[in-house]
Amino acid sequence: MGDSAKVETVAETVPAPAPAAAPAAEENADGKDKIPILDKVYEKFDDMNLNDELLRGIYAYGFEKPSAIQQRAIVPLIDRKDTIAQAQSGMGKTATFVIGVLQNVDVSQKKVQALILAPTRELAQQIQKVVVDIGSFLNLTCYSCIGGTSVQDDIRRLTGDTPHVLVGTPGRVFDMIATRRVLDTTYIKVFILDEADEMLSRGFKDQIYDVFKYMNTTCQVGLFSATMPSEVLDMTDKFMNDPIKVLVKKDELTLDGIRQFFVCVQREDWKLDTLCDLYETVSITQSIIYVNTRNKVDQLYAAMTERDFMVSSLHGEMTQKERDGVMREFRSGTTRVLITTDLLARGIDVQSLSVVINFDLPTNRENYIHRIGRGGRFGRKGVAINFVTTEELAGLKALEEYYETTIEEMPANVAELI
Numbered sequence: 001m002g003d004s005a006k007v008e009t010v011a012e013t014v015p016a017p018a019p020a021a022a023p024a025a026e027e028n029a030d031g032k033d034k035i036p037i038l039d040k041v042y043e044k045f046d047d048m049n050l051n052d053e054l055l056r057g058i059y060a061y062g063f064e065k066p067s068a069i070q071q072r073a074i075v076p077l078i079d080r081k082d083t084i085a086q087a088q089s090g091m092g093k094t095a096t097f098v099i100g101v102l103q104n105v106d107v108s109q110k111k112v113q114a115l116i117l118a119p120t121r122e123l124a125q126q127i128q129k130v131v132v133d134i135g136s137f138l139n140l141t142c143y144s145c146i147g148g149t150s151v152q153d154d155i156r157r158l159t160g161d162t163p164h165v166l167v168g169t170p171g172r173v174f175d176m177i178a179t180r181r182v183l184d185t186t187y188i189k190v191f192i193l194d195e196a197d198e199m200l201s202r203g204f205k206d207q208i209y210d211v212f213k214y215m216n217t218t219c220q221v222g223l224f225s226a227t228m229p230s231e232v233l234d235m236t237d238k239f240m241n242d243p244i245k246v247l248v249k250k251d252e253l254t255l256d257g258i259r260q261f262f263v264c265v266q267r268e269d270w271k272l273d274t275l276c277d278l279y280e281t282v283s284i285t286q287s288i289i290y291v292n293t294r295n296k297v298d299q300l301y302a303a304m305t306e307r308d309f310m311v312s313s314l315h316g317e318m319t320q321k322e323r324d325g326v327m328r329e330f331r332s333g334t335t336r337v338l339i340t341t342d343l344l345a346r347g348i349d350v351q352s353l354s355v356v357i358n359f360d361l362p363t364n365r366e367n368y369i370h371r372i373g374r375g376g377r378f379g380r381k382g383v384a385i386n387f388v389t390t391e392e393l394a395g396l397k398a399l400e401e402y403y404e405t406t407i408e409e410m411p412a413n414v415a416e417l418i
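For what it's worth, full-length UniProt numbering labels the leading residue of the sequence shown as 1, then goes sequentially.
Hint data in this document are derived by calculation from the structure and do not stem from the laboratory.
Small disclaimer: the values here were computed from a predicted structure and weren't measured.
Cβ coordinates follow ideal geometry from the N, Cα and C atoms, glycine included.
You may find that some hints are simply not true.
Between beta-carbon pairs, the in silico distance windows are [to be verified]:
1. Trp-270 / Tyr-61: 21 to 31 Å
2. Thr-305 / Asp-234: 14 to 24 Å
3. Phe-309 / Tyr-59: 32 to 42 Å
4. Thr-285 / Asp-234: 36 to 46 Å
5. Glu-280 / Thr-186: 37 to 47 Å
6. Arg-307 / Asp-106: 31 to 41 Å
7. Tyr-59 / Gln-109: 53 to 63 Å
8. Gly-395 / Thr-285: 35 to 45 Å
9. Asp-234 / Ile-284: 41 to 51 Å
10. Asp-106 / Glu-317: 17 to 27 Å
11. Thr-274 / Glu-416: 32 to 42 Å
Derived SDA-like pairs (lysine to any residue); straight-line CA-CA distance at most 20 Å [to be verified]:
12. Lys-213 / Val-232
13. Lys-238 / Cys-264
14. Lys-111 / Lys-205
15. Lys-271 / Gly-257
16. Lys-129 / Tyr-59
17. Lys-111 / Asn-49
18. Lys-189 / Asp-242
19. Lys-321 / Lys-44
20. Lys-213 / Ile-188
21. Lys-321 / Gly-333
22. Lys-205 / Tyr-187
23. Lys-397 / Asp-210
24. Lys-189 / Gly-203
25. Lys-65 / Ile-35
26. Lys-189 / Asn-216
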C-alpha cells in the first residue's frame with residue numbers, strides 16, 4: 001500500500017508561524033478552568049507560514065481557502081500543541097491534520113515521525129491518499145498499516161525503507177509495535193487519532209491506550225472527531241499535555257447544502273416497494289443506502305437484485321480484497337447503488353455521490369451527520385432521504401432537534417432537486 005511523492009528541493013527551515021491568540025478557558029460549574037478554546041483564525045493558507053512545497057501540494061490538491069476547522073487547527077498543530085479538534089464530517093478535518101503533520105516532518109530522516117490511527121481500513125487508506133496527494137511536492141513516503149492485508153508486507157516495509165508517516169488501524173499498528181517489534185516509536189513526534197469517538201465506540205479503547213504507552217512523553221497528540229463524548233475527553237487527562245481545543249462553532253456545524261427529506265410508510269416491510277419506486281421514477285447518478293445490520297445489507301441486496309436493480313453491497317464481514325473491489329466498482333461508476341452499514345459512514349469521499357438514503361435511521365444519532373455528509377462534502381449539493389415507519393417518526397423528530405435542522409416530507413418534485 002505504500003505510496004511516495006517526490007520533489008527536487010525541500011525547504012529545510014520554515015519561519016515560525018504567527019503567534020496564536022491567547023486562548024479563552026471554559027469554566028466548569030465550580031469555576032475551575034477546563035480545556036482552553038483557541039479561536040485564532042487564519043483566513044488564507046498563505047498566512048500560515050507553510051513550507052513552499054507543502055503550499056504547492058495544498059493548492060494542487062484543489063483547496064483555494066481553508067475551511068473553518070483548517071483556519072483554526074492547522075497552526076496550533078504546527079506549533080506542536082496537543083490539540084482537540086471538533087468539526088463535522090466533510091469540513092476538511094483530514095486535510096487539517098495532514099497539513100499540520102507534514103509541515104513538521106523532516107524528510108531527510110528516514111524514520112516514522114508521525115502516526116495516524118483511524119477506525120476503519122477504508123478511512124486509513126483514504127487518509128494515506130490525502131497525505132500522498134498533499135505531500136506530492138515533498139520527498140516523503142507514507143504507508144498504511146491495516147488489518148486484512150499481508151503482515152509480512154508490513155514487516156518488510158517497516159524494517160526496510162521506513163516511511164515518514166504511518167497511517168493505520170489500532171489492532172495492526174499495536175501488533176507491529178508490541179508483538180512483531182518492527183515499528184520503532186522512538187522518532188514519532190506526533191500521534192493523531194481521527195474519528196476518536198468512533199474508535200472508542202468500536203471497542204478499540206484498550207488498543208489505543210496500549211499504543212499511547214509506547215509514545216514518548218514529548219510526543220504531540222491530536223484528537224479529531226465530529227463529536228467529543230466523555231470517553232474521548234477522558235483520554236486528554238491521561239495522555240495530553242496542556243491541550244487546547246479547537247471547536248467549530250455551533251452555527252458552523254451545519255448541514256447547509258444538503259436537502260433532507262423523509263418518506264413515511266405504515267409498516268417496515270413497505271419500505272422496499274417505496275425504495276424501488278423511487279429508483280424507477282428518479283434519475284440518480286450514484287447513491288448510498290444505509291441499513292443498520294450486516295444481515296439487512298444481504299437481505300436488501302438480494303431483494304433489489306431480484307428486481308433487476310444493479311446494486312452492490314459492502315459490510316465488515318467481507319475480506320479486504322472484496323471490499324476494495326466493491327469500492328473500486330462504485331467509484332468508477334460501474335455500480336451506481338451501494339448498500340452498506342455505518343462501516344462506510346466516515347471518511348469515504350465519492351465525488352459523484354448525490355443521494356444518501358437512510359433505509360434505517362442510525363441507531364447512533366452522531367452517525368446521521370456522517371452518513372449524509374457523503375452527499376454534500378465541501379459545499380457540493382446533496383440530498384438525504386430518510387425512510388421511516390410511523391413508529392420511527394419520534395426518532396426523526398429527535399434528530400431534527402439534536403441537529404437543529406429541518407427534515408421535510410419528500411415532495412412530489414424531488415427529481416428536480418437531485
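Taking the hints in turn, this is what the structure says about them:
In this structure the supplied range 21 to 31 Å is violated for Trp-270 paired with Tyr-61, their Cβ-Cβ distance being about 45 Å. Checked against the given bound of 14 to 24 Å, the beta carbons of Thr-305 and Asp-234, roughly 45 Å apart, lie outside it. Checking the proposed 32 to 42 Å range against Phe-309 and Tyr-59 shows it holds: the Cβ atoms sit about 41 Å from each other. Remark: the range hint 36 to 46 Å for Thr-285 to Asp-234 is upheld by a beta-carbon distance near 42 Å.
A hinted range of 37 to 47 Å is violated for the C-beta pair Glu-280 and Thr-186, which are about 60 Å apart. Checking the proposed 31 to 41 Å range against Arg-307 and Asp-106 shows it is violated: the Cβ atoms sit about 57 Å from each other. Range check, Tyr-59 to Gln-109: Cβ separation about 26 Å, and the 53 to 63 Å hint is violated. Taken as a hint, the range 35 to 45 Å is violated for the pair Gly-395 and Thr-285, whose Cβ atoms sit roughly 29 Å apart.
Between Asp-234 and Ile-284 the Cβ separation comes to about 42 Å, which falls inside the hinted range of 41 to 51 Å. Taken as a hint, the range 17 to 27 Å is violated for the pair Asp-106 and Glu-317, whose Cβ atoms sit roughly 41 Å apart. Checked against the hint of 32 to 42 Å, the C-beta distance between Thr-274 and Glu-416 comes to roughly 19 Å, which is inconsistent with it. For the hint pairing Lys-213 with Val-232, the CA-to-CA distance comes to about 16 Å; that is within 20 Å, so the pair holds.
Distance hint between Lys-238 and Cys-264 is unfulfilled; the C-alpha atoms sit about 46 Å from each other, more than 20 Å. In summary, the hint linking Lys-111 to Lys-205 is not supported, as the alpha carbons are separated by about 27 Å, beyond the 20 Å threshold. The suggested pairing of Lys-271 with Gly-257 is violated, with an alpha-carbon distance near 26 Å, which exceeds 20 Å. For the hint linking Lys-129 to Tyr-59, the alpha-carbon distance of about 16 Å falls within 20 Å, and the restraint holds.
Distance restraint check for Lys-111 and Asn-49: the Cα-Cα separation of roughly 25 Å exceeds the 20 Å cut-off, and the hinted pair is therefore not satisfied. Taking the CA atoms of Lys-189 and Asp-242, the gap is near 16 Å; set against the 20 Å cutoff, the hint holds. In summary, the hint linking Lys-321 to Lys-44 is not supported, as the alpha carbons are separated by about 40 Å, beyond the 20 Å threshold. Of the supplied pair hints, the one linking Lys-213 and Ile-188 holds, its CA atoms being roughly 13 Å apart against a limit of 20 Å.
With a C-alpha separation of about 19 Å, the suggested pairing of Lys-321 with Gly-333 holds against the 20 Å cut-off. This hinted pair does not check out: Lys-205 and Tyr-187 have alpha carbons roughly 24 Å apart, beyond 20 Å. In summary, the hint linking Lys-397 to Asp-210 is not supported, as the alpha carbons are separated by about 40 Å, beyond the 20 Å threshold. For the hint linking Lys-189 to Gly-203, the alpha-carbon distance of about 26 Å lies beyond 20 Å, and the restraint is violated.
Proximity of Lys-65 to Ile-35 is assessed by CA-CA distance (about 28 Å); at most 20 Å being required, the pair is judged violated. Annotation: proposed proximity of Lys-189 to Asn-216 holds, straight-line Cα distance about 8 Å (limit 20 Å).
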